[in-house]
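Student: One-letter residues, chain by chain:
2 protein chains.
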Amino acid sequence: MTTAARRGGIAAATPAGPADPADSLHPGQRWLSRELASPPGRVVIEHVRPAVNGGRFPVKRVVGDVFTVTASIFAEGHDQLSAILHYRRRGARSWSETAMTLLRNDQWQGGFPLESLGMYEYYVTGCVDEFASWRHALERKVRAGLEVSSELLEGARIVESVATHAEDDRTWLGLQARDLREGTDRPARIAAALDPQLLTRMTRHLDRGRATRSEPVLLVDVDRERARSGAWYEMFPRSASPEPGRHGTFADCIDRLPYVASMGFDVLYLPPIHPIGVTHRKGRNNARVAESGDVGSPWAIGSADGGHDAVHPALGTLADFDRLLEEAKLFDIEIALDIAWQCSPDHPWIREHPEWFRHRPDGTIQYAENPPKKYEDIVPLHFATPRWRELWEELLRVVRFWIDRGVKIFRVDNPHTKPFAFWEWLIRTIKDDHPDVIFLSEAFTRPSVMRYLAKCGFTQSYTYFTWRNTKEELTEYLTELCNTEIADYLRPNLFANTPDILHEVLQSGGRAAHQIRFVLAATLAGSYGIYGPHFELAESRAVAGTEEYLDSEKYQLRHWQLDQPASLAPFIGHVNRIRRENPAFRHPERLRFLTVDNEHLIAYTRSTPDGGNLMIVVVNLSPYHAHRGWLELPLEALGLEADQPFQAHDLLSNARFLWRGSRNFVALDPREAPAHIFRVRRRLRTEHDFDYYM
Amino acid sequence: MTTAARRGGIAAATPAGPADPADSLHPGQRWLSRELASPPGRVVIEHVRPAVNGGRFPVKRVVGDVFTVTASIFAEGHDQLSAILHYRRRGARSWSETAMTLLRNDQWQGGFPLESLGMYEYYVTGCVDEFASWRHALERKVRAGLEVSSELLEGARIVESVATHAEDDRTWLGLQARDLREGTDRPARIAAALDPQLLTRMTRHLDRGRATRSEPVLLVDVDRERARSGAWYEMFPRSASPEPGRHGTFADCIDRLPYVASMGFDVLYLPPIHPIGVTHRKGRNNARVAESGDVGSPWAIGSADGGHDAVHPALGTLADFDRLLEEAKLFDIEIALDIAWQCSPDHPWIREHPEWFRHRPDGTIQYAENPPKKYEDIVPLHFATPRWRELWEELLRVVRFWIDRGVKIFRVDNPHTKPFAFWEWLIRTIKDDHPDVIFLSEAFTRPSVMRYLAKCGFTQSYTYFTWRNTKEELTEYLTELCNTEIADYLRPNLFANTPDILHEVLQSGGRAAHQIRFVLAATLAGSYGIYGPHFELAESRAVAGTEEYLDSEKYQLRHWQLDQPASLAPFIGHVNRIRRENPAFRHPERLRFLTVDNEHLIAYTRSTPDGGNLMIVVVNLSPYHAHRGWLELPLEALGLEADQPFQAHDLLSNARFLWRGSRNFVALDPREAPAHIFRVRRRLRTEHDFDYYM
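Chains as they are written, first to last, in the numbering used here: chain A, 1 to 694; chain B, 1 to 694.
Check before you lean on any hint, since a few could be wrong.
Identical copies look the same in the list; a pair holds intra-copy or inter-copy alike.
With a cut-off of at most 25 Å between alpha-carbon atoms, the simulated DSS-like pairs for lysine-lysine come out as follows [to be verified]:
| id | residue 1 | residue 2 |
| --- | --- | --- |
| 1 | K329 | K408 |
| 2 | K554 | K373 |
| 3 | K554 | K374 |
| 4 | K373 | K141 |
Don't read these hints as lab results, they were simulated from the structure.
All of these numbers come straight from a predicted model, not from anything done at the bench.
All chains should be modelled from the sequences, with the hints used to inform the complete structure.
Tutor: In structure tokens form, the structure reads like this:
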């Protein structure tokens, strides 16, 4: 067992049942009971944000971010307060501190830089600042010309009491207190009292013995940039062969890398690469019975050739796979693997660990089903088996196996059918050792379950994006994902299509619909993906009445002619270059929808937190008709001046528009271009400089 | 020391400082650490509502309410769940249970009746219902005509396992399991499996050993109806004398009761009735120095005649006060007293307990001040004195003293300058013994402090209502108070004026402005108050440039001529009768603003939870000009039919309007009436009944 597995700790045998609720009031209530009689301190700290489920789960952020924390902090009366944000890398021995500042209405804010990957902890303390309160009242009285001799004596007493325990400042503070008490005249005593250096030193020695501390200590999980933003390309390796009819190999995938790189993708995601079972193997188009030569579904994992830690012999060897990983690096492409915790009936685990499966009264193992869908070629693992500890440890071992080969990104199949606790434990245990690993959750299920999987640790999540097509649907859904507290823990990855989902819009809308959905996916959030070459070739024939691709690669080899004139590959490459060159697209939380007076036109801005890179995207949602409309820009919020022209540079067409004011005309014909992706160039010089824009 | 004081428990000496944060992660995180290794159960329970600060404070409700609790409850996969709402009166030995029902999207709801005053506890459990899940899958398979013999054996196994521990149902379940396993034919076995009685009994014996329990246990504080709704009248007893120049007495107050009752008030609130200090006594209109015969501010509490547990000799004796309490009961009026934890320099505590006050370096006690305001006649108590335990216990004793005489309602002066912990302890300790006691918080301070005082236990709270006068201000503020989670803990009491606040609108708007503000106060929330006879006589002369009444009763006796023709007393009585006769006004959470196309007209509905009593209030906010407009009614939400007429009966004018559809005309002239208070009468019979409305 590895260190982290032990740390992950699954030693106890059963989930916890309800304890006696009598002792289970909120801890903050306990001082009111007979036994605990120490009242809370004067300072209240409420609403420390961000926090996921009150601290039950970590917040997610990316390395290099400044992590901003806000809280309501106040006390009774009118005293001045001081608030500190405390933080450390998890496991560090000591805490760092940074002062929080009062914004307004008892709202305080502080921040610290997230300098390395992994978990940070943070909490907030607040206390009454007796000296600052005294000083503030003195200032008001001095300004009002009031008698303050008693106040000066009080101040001297405060300074003296601090001086007694202020090691290095003891002498200085003692002298200052003497000036307050016995200064030559009233002005000299007041000057000593209001000396800014006295305030600085007194603040340094502020007595935090009675400070209030926010509870619980909160967590923020710091990932690398790829966790937040990246362009994903999904491809079946077995269809990568240049020769029709020959099973593709890892070597063919290596040959495909320049093509994928030319489109500008960051991640190449491969469906399962493991041996495929033969028992109940599915035929082409999901036929109940396979015919000779049918290759079966890659998700029917396991055969005599091995299970989840083996590769399908037809694809090559583990050494070949290792070479693919190496070659991909040369193109700045990361290989993502699929994790599908399920087995074909021929998986070695079924023979070696029958106790990991649920047996029916007739002795058989129930295949997977979601009536009326049946997956006779797949049997599920029994996660609640009495031997769950061994099962969970084995699955952890499998993930480590691929990490040890160099894989750092996993797309997880159907996580919503496995226990939440399993995922929380697995992902935390892996990330304790490998904070750069990314898990993408493929859960198309109820919203609460999708969100909870994200809370349990999944780095990114598939979404309902494929089923959100109208302006209203897209606006509502992306606002929810990017501009609510959901964004603190769930990072959307907008897949435009998948081997399971060919939306009707793509089936009927042809090449233009593919362009439209691509621009939306690529510009609405941080991460997105397509499943190719179907997508870039707009190959969208479906099994009638379904969202399934006809002749799906899930059940058969396909041969692809990539160099078609109509291929979207150059367009995709162009958009991905725009994404890379404009950091605005790495900040999904900076999404803002704009008003356009045409329901077929959707418009939104993306920007960097400092506003320096500002993009305006306008998409014609109709693949059939040209649409035009007036776009409303909230100039002030965008940092644009109402009376100064600015340039909207469409990076797709390279056209430049001179705009001024909040209302601007846009027109898009899907036969020419589905979208504008404007970069806003603010005027920085006057017209006399002859160089109007930068 | 009383029982409850001991229970309140203030034995420890100092507020708690921060503990070691290392052990302070959210309890839900702990299973991921090395030591605690038992993973959470399969079922997740999130977002249990209502809850105040995650259970740190009780929710507030009123006796007779059905308390509705919602939660997100779900598990991985597709199993059927069962959820239970557990509740008990605090301190009861056993818990009651009620089944929750699934609304949609993993949202569950349950409820229980609040049958008595005091604190209830509640929590939620959820578990996987193995039998129901199996039954649901069986139904789908049977409907699809699939082979289910193995399923029936599985079902038999489930039933048998339950039968072994199902005492009274053991035999019946055993027989049923046999029918599943060995029934005469397939239809008989399926019929046995789907027998509704089997489902009922299996549900009864559902194994909750692996149930998930929501944490923490939550609290709901159940008050009497007066906590939520009531009409308050504030009056200075010393101005109640019928003879000009004579100091009013409790006997005069008794004589005033019929007048107050005729206006329909529920609560008669008296400013402090205690002996008034002479040192630094304020003169008329807050003069720095009192003249001979000046009576001083009632808030300068304490003299040689006694302190907070004495009455001012000029008002009468304690026996006289007791008689006022008794007489008021005959008019269904409750007497509310003022709690002002402060002292005149002559208060007995200053001599007996100098350690309860903060002494300045020159030996004096600092008077109260909030620069530039000075209260030389008042010294504050030092709540953080090292002898705070004795001080707090004495204040508790004072409250008990008045409760023992029969006072059940207290208006608390300036609570925001005393520690939150003091209030939480005092109110909880009192209410443990006297759950019918009501505390009204007079805190005009920052929103977070006002809200936190409510969380700490105050039954009702003064608000910013007096400073919210435009349609936009009123709509935004009352929506926040009545239609957000703030309503779970803060109950507004809308005072239209107070001895400290004579808003400019009342200063300049005359009688009409008083009517307008009165209707708003009386119909926008559950509780409201006026300070009379100033208010009903529209006596609104101010100290120039301030919100202070001229010749304020705070500093002098006033004599009132009550039977003026222009008095609003009859109007007030009319509105209060409408309030009493229409239970809609007891449900502030049922406030809904309506659209009117005139910014001077504000309109809203109030209703009972069942919608049976539906009121529409329209107010012309201008005291100067008539205004008219079109009112938009959301018919469906109001339970009105679009194609049926309904009657809007203006209970103020007794005029009846026949309305149909969502758009209706309204016009209000402040010279005639400031408002409509419509009762909506839905048509229940056809026109052939000749009796169109009920």
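Student: Taking the hints in turn, state whether each one holds.
Tutor: So, going through the hints one by one against the coordinates:
1. K329 x K408: within (12 Å within a copy, 77 Å between copies)
2. K554 x K373: within (15 Å within a copy, 80 Å between copies)
3. K554 x K374: within (15 Å within a copy, 82 Å between copies)
4. K373 x K141: Classified as between; 11 Å across copies, 80 Å inside a copy.
The structure is consistent with each of the numbered hints, conforming to all of them.
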